[in-house]
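Trainee: Following the hints, position chain B against chain A.
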Amino acid sequence: AQKVTQAQTEISVVEKEDVTLDCVYETRDTTYYLFWYKQPPSGELVFLIRRNSFDEQNEISGRYSWNFQKSTSSFNFTITASQVVDSAVYFCALSEAHLIQGAQKLVFGQGTRLTINP
Amino acid sequence: DSGVTQTPKHLITATGQRVTLRCSPRSGDLSVYWYQQSLDQGLQFLIQYYNGEERAKGNILERFSAQQFPDLHSELNLSSLELGDSALYFCASSEGSNYGYTFGSGTRLTVV
Chain A
1 AQKVTQAQTE
11 ISVVEKEDVT
21 LDCVYETRDT
31 TYYLFWYKQP
41 PSGELVFLIR
51 RNSFDEQNEI
61 SGRYSWNFQK
71 STSSFNFTIT
81 ASQVVDSAVY
91 FCALSEAHLI
101 QGAQKLVFGQ
111 GTRLTINP
Chain B
1001 DSGVTQTPKH
1011 LITATGQRVT
1021 LRCSPRSGDL
1031 SVYWYQQSLD
1041 QGLQFLIQYY
1051 NGEERAKGNI
1061 LERFSAQQFP
1071 DLHSELNLSS
1081 LELGDSALYF
1091 CASSEGSNYG
1101 YTFGSGTRLT
1111 VV
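Residue numbers (our numbering), protein chains in the order written: chain A, 1 to 118; chain B, 1001 to 1112.
For the record, the hints were derived by calculation from the structure and aren't laboratory data. Note that this is a predicted model, so its numbers are computed, not measured.
No more than 30 Å apart at the CA atoms, straight line, and that leaves these computed lysine-lysine pairs for DSS-like:
1) B:Lys1057 x B:Lys1009
2) A:Lys38 x B:Lys1009
3) B:Lys1057 x A:Lys70
4) B:Lys1057 x A:Lys3
5) A:Lys38 x A:Lys70
6) A:Lys16 x A:Lys38
7) A:Lys38 x B:Lys1057
8) A:Lys3 x A:Lys38
Chain A on its own, in the form it takes in the complex (with noise of 0.2 Å):
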């Protein structure tokens, strides 16, 4: 079965500090997909990036990059120099690939509260 840890549920930092959040998971399947979401104190989700298993290129978008092993099961997700802005709750999430039934449910991590203080 498939699993999703966030081991930190709280971090707090003081603006323009790096901050990494970790993820890592537990999956029995080839082929995989993650995610990322944030969510605002408004209550929505919202998409931050999504990666299959079989891409293990980091990625970066802006303040915001991605590390992906696979050796460790891990995703791990880095703001650089963080702002006010950032402060919300982060979901790492998992879904894994069926080849005929397509995509299957998202699992959730517990997901880390980050707060950004001025």
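Mentor: Relative to chain A, chain B alone:
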């Protein structure tokens, strides 16, 4: 606007009552997923429908039921409501083959 519409946005009801949450998926998406997010909890998968048929079931209580209609919209029915059912309920949709999930803005249910 994500393309997934959930109604109502807020719902306050009493214990023992029954409510229906509605979700209209993004145009072209055949799969609908329901998730429950209780206070300070992660997102728990409830149920998935694909083109009108139930495809996967998660930790959905027997008091809860769902269906997907021919026009692909879905409804989540919650009955005999308890205080603990108070939560944010999300609906998501996907086309099925591209592994892109679009979430609605959620329905916040408060049971008093």
